[in-house]
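Chemist: The primary structure of each chain is shown beneath.
2 protein chains.
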Amino acid sequence: MTVSQSSLLWIVLGCSAFALLFAIWLSRWVLSRGRGNADMQKISDAIQQGAEAYLARQYKTIAALALVVAVVLAVGYGVLRTSIPTDPVSSSTLLAIYITFSFLLGALSSGIAGYMGMWISIRANIRVAAAATTSLNGALQTALRSGAVSGLFTVAMSLAGVGGLFAVINNFVPPGLAPDVWAQRIPYLIVGYGFGASFVALFAQLGGGIYTKAADVGADLVGKVEAGIPEDDPRNPAVIADLVGDNVGDCAGRGADLFESIAAENIGAMILGVILFSQFGIAGILFPLVIGGLGLLCSIVGVMSVRTREVADPMQALNRGYYVTAALVTIVFFFATRWLLNPISAPDAWWHFFICGLIGIATSIAFVFITQYYTEYRYRPVLGIADASQTGPATNIIAGLAVGMESTVLPVITIAIAIIASYHLGEASGVAQAGLFGTAVATMGMLGTAGYILAMDVFGPITDNAGGIVEMSKQPEEIRNITDRLDSVGNTTKALTKGYAIGSAALAAFLLFSAYLDEVRNYRGGVPIKVDLARPEVFVAGLLGAMLVFWFSSLALTAVRKAASSVITEVRRQFRERPGIMLGTESPDYGTAVDIVTVGALKAMIAPGALVVLFPIVVGIVFKQFGVGAEAVAAFLMIGTIAGILMAGFLNNGGGAWDNAKKYIETGAYGGKRSDAHKAAVVGDTVGDPFKDTAGPSLHVLIKLLSTITLVLAPLFI
Amino acid sequence: MTVSQSSLLWIVLGCSAFALLFAIWLSRWVLSRGRGNADMQKISDAIQQGAEAYLARQYKTIAALALVVAVVLAVGYGVLRTSIPTDPVSSSTLLAIYITFSFLLGALSSGIAGYMGMWISIRANIRVAAAATTSLNGALQTALRSGAVSGLFTVAMSLAGVGGLFAVINNFVPPGLAPDVWAQRIPYLIVGYGFGASFVALFAQLGGGIYTKAADVGADLVGKVEAGIPEDDPRNPAVIADLVGDNVGDCAGRGADLFESIAAENIGAMILGVILFSQFGIAGILFPLVIGGLGLLCSIVGVMSVRTREVADPMQALNRGYYVTAALVTIVFFFATRWLLNPISAPDAWWHFFICGLIGIATSIAFVFITQYYTEYRYRPVLGIADASQTGPATNIIAGLAVGMESTVLPVITIAIAIIASYHLGEASGVAQAGLFGTAVATMGMLGTAGYILAMDVFGPITDNAGGIVEMSKQPEEIRNITDRLDSVGNTTKALTKGYAIGSAALAAFLLFSAYLDEVRNYRGGVPIKVDLARPEVFVAGLLGAMLVFWFSSLALTAVRKAASSVITEVRRQFRERPGIMLGTESPDYGTAVDIVTVGALKAMIAPGALVVLFPIVVGIVFKQFGVGAEAVAAFLMIGTIAGILMAGFLNNGGGAWDNAKKYIETGAYGGKRSDAHKAAVVGDTVGDPFKDTAGPSLHVLIKLLSTITLVLAPLFI
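Protein chains in written order, with my numbering: chain A, 863 to 1580; chain B, 863 to 1580.
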């Protein structure tokens, strides 16, 4: 069974184009909704202004950093004149051009995806608020479809970028080389795309994450705790900054995060496909992109199928949409594996890979359940934290930290089973050396529903913002009830996406690691590389990798704390100097608070970001002196990844659990709002904020960045 | 240069015997001090009674568990009939007997060492309190020499156990085997000793750690926070339990911890010495024990040299004693390496190993400085936490967590340099394959001062108790000042020991890991083992190892929280039912509080303890099905160790930093005692309690237990 390369590329690019067009249509649908009354518009305009101003400055900073890296890459590859012994055609200059160009394209596309996420959400928030004045279903659909604009756009851009780069470079077959051989070379040339995407994602997620939580923590500590005014009270000078944060942190940051996940994991899977070229031909290389493209169509159907009755739990409606998407992706997998992974020499191979895909889908569903168990107040963990709040903030904190640590257990066991099962299925498929490809297919199974997951995720900050607008414009109780219900669902979907993101990162880690090893083997002219922990340098490099995770987390937490304390100082100053604010006779100066967070977040993101980019390079260069540069970097990457997966799970779930323990007490348990237990729970919630929205999500990107940077810089370490 | 085996054993056993006798002499010296007035004696008696009752019950539980393990070992080794192909003599039954016997001896000795630590400290506390009524120097010397009783006893017991086992088994040369060959076999037969010691240490440290912090947290939360009475106030029903905790947790627990560290690391180093038998002969195998024995003499001189002027900082006196010890150990190393590690074939070898020893000594000094930097309020980290306390408990917690995470950086870099430098020195020594032996010698350099370090450590809880007795018996202000000064120094020395313990664990981890690999190679008839992270099973096993650390920490934190909440309930009940307590007209019922913590701690230690013992066995057996049992266990062990080192550093230093941030505010900063900043700092201190005294120290033991259990159970996984 042979499949033509161009027909596969047409499927990928066609699906991506369709999804982009559909996203445009959806955004027109969203923009055609009503914008509510003048009060709402005033608030929404302020959010829009703050978010756009921040993102413009942030991207300016990131662009400057990216250009520096691009120059280093171009010069480095040019000077090193690295070449692959077995493939003399693609040497030095040409390699430098392809790597640098794909880096810049990846960085640019990631920036655009992040910007789009924010663009739609600052326009959607007020429309959801306005829709809430008439019906729950209207508000739900508006929020989810706005999220889908961002979700579809991000996934489609990522696929179109990788697929398009492949299609373009495919035309430049070097003279004297068979097109087939050239096609197998391309995945290595576009690793820069993944690096560019993760580079931008790291700073976007860090900057946005610091921004959103510095504003949130600062606003809460002075507003709720000191002044005793409710959340989103218009008298709080930091309240607009807080709402801006949801957009630049959660929407733009998560968009960039998933963009780079998809790009990096697709490129990694394509490299593993190259190894099996003799069996699958080009179909093995392009299989990941085809699944991604068809998965987009499934996500579109899923999103459009969501509707809710006015009295129902909106989470059920979102879950139904997710199951629709997952079911459709399963069907896609059945036909795609039969069609593309079905060599004549191994007639049973396809269903082995189909099961690998099922494992990936099942893994993502398992993560959804596990995350819910650890972060919803229907279950033991969160109830335990609420219970511990009765004896004060200290026991609340201890309980939350313990829940966060415990929450790493089931995900790790799930991942362990998924990796080993898909690897052995791949090995048993009858295709030689297809074990790793089995894990790659499982990763694709997880990523197949990415469009829908991301739509659900962006749903969160949009409804959060809508709730803020409704609160600040003093809408009647029943409208607040609707946005409160959606906001609470949004908290759950945000937690789910983080579970999903870390799950796919864990599954993909092994895949990207294998791609790195394969690349090193190529550069060494086919000599395989052993990452033997019994060598002291390899052990030490692994120790350093795990240490990086602790160091980075520390920097991220400190960044939020410092930026928050400048917000606190500013809000206190306004309260002190303008007593009319608290009386409601004077309007606070929102703009200054926004400016302070903007400057603080941009300054604070540099140190942790630079650490992650520079540390692996230093490790590689230092250990190269001992003749084990590539091995040391491999151990650094893998053990750093392991530590990152655990730390991210700890931070994300701990933070989510604290948040919902507070919400549970607010339902009236242990004395309800304003009780001592509630005060203790607010402390936990505040500690959890930078856990779950700054350090945790940034670690997802860190894991991927370690992989892509080592893929790109491998020649340096050999 | 040949050295006779018996002369070396005489040195080891002679030094150990001398140190034991000296410890007895010291204890008589301590016991001959005055016991203060009747008020003091009443309190001291209550502490003594509670501590002895707890330890008796704890050891009963541990003994039962240890017997189960012993039966499993005996039957397992007997049934498996494991034998080493190259060494047919030591097969099945004999192996089962040696392993089981050494396990039981290790368990028993560890129990005795822990008991001794508590025995002297519950007698020393009142004598230090009494000495404080006359002079600072008297109190300081009494406390340090009491600590030295425990320190010398522990180290000497450990050396005598390993050395004695070697000497005894040495007499049972199997027929037809050369004595030389038999001597090389012995280190593998006594690995059970290390396992027994770490098995008991794990439960002793866990049980004691849970006890001490449950009592402390419980007493503080109801006493200081709710009732507003000072620490150690006699009206608090949990105050005796709190003081008991210092003895059973800090003294008995840490004693057992260091006992097993020394045993395990000596056995590991001896196994590495076997590999170099052709070069060093028996001297290479017994070198670690000789250094340990001579190091004991150095520690004795160090302890006896300590004296202070009444107006000086007592910490300086302790530091001087430490430097004296370290300088003497350096001299010992110079002569010992020249004498024992000086083969004719490699005339430069000895000074390479001498430098390895210096690296170990330098590493331990570096850890002392780093720990001080992160936990004393003269430096930026603790001052930052104090500063963050101004904006409430949430920012205090975030700051403390960030400091804890950051505090892993310098220790890891130190360890990285120490491992690589000593490995390369070993390789460059001219002795073939001596790289690993270089790291072993560095570890011995760190352990050389163990006796003095442990004396300083036990100094901490003794002075803490003395302060409690002075406070509760309402002594005049100037006496309290003396015990307060000593108590504050004791906090520092406790933090230092933890840094030292985790540093030596990190350095030794690589050594024990190598010993395991060597043992596996032997069982496989000489086929070397590769722990290649590129294999999915190996990667997954590593992921599980790191996860175990998070899971265990979660269980330890939860255990303290649950046991503390039962204390809180009890204290509240007493305050409610007997209002006379707060008025001072009625005496609280200390005994019930002690009983409640005792039962709670014993119950709570089972789950985390069982997890650590069973998890590696499950991993080994499951992965054996995939044909990679030994490799998977190796990755599990190593990556679990890496995660454990980082997590322990995070917990220990974070906890210490919170504690001293509170103390700094109590000196008057940010409003001093009773200010809002102080209240926030108390929350951080309470969170830090189970960090630094339960979970953190238990992780040290966990790391070593993973090593010893894998050493003992290796045949099971092959």
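Incorrect hints may appear among the rest.
Pairs involving identical chains hold if they fit within one copy or between any two copies, as the list cannot separate such chains.
[Claimed, not checked] Computed cross-link-like contacts, SDA-like style, restricted to lysine to any residue with a CA-CA straight-line distance of at most 25 Å: (1) K1336 / P1096; (2) K904 / A932; (3) K1424 / A1531; (4) K1392 / G1533.
Keep in mind the hints are simulated off the structure, nothing from the lab.
As the structure is a prediction and not an experimental result, all values here were calculated from the model.
Chemist: If a hint holds in the structure, say so; if it does not, say that too.
Modeler: Against the structure, the hints:
no.	hint	result
1	K1336 / P1096	within (9 Å within a copy, 55 Å between copies)
2	K904 / A932	neither (41 Å within a copy, 75 Å between copies)
3	K1424 / A1531	between (33 Å within a copy, 20 Å between copies)
4	K1392 / G1533	neither (59 Å within a copy, 59 Å between copies)
Violated hints, in rising order: 2 and 4; the structure is consistent with all others.
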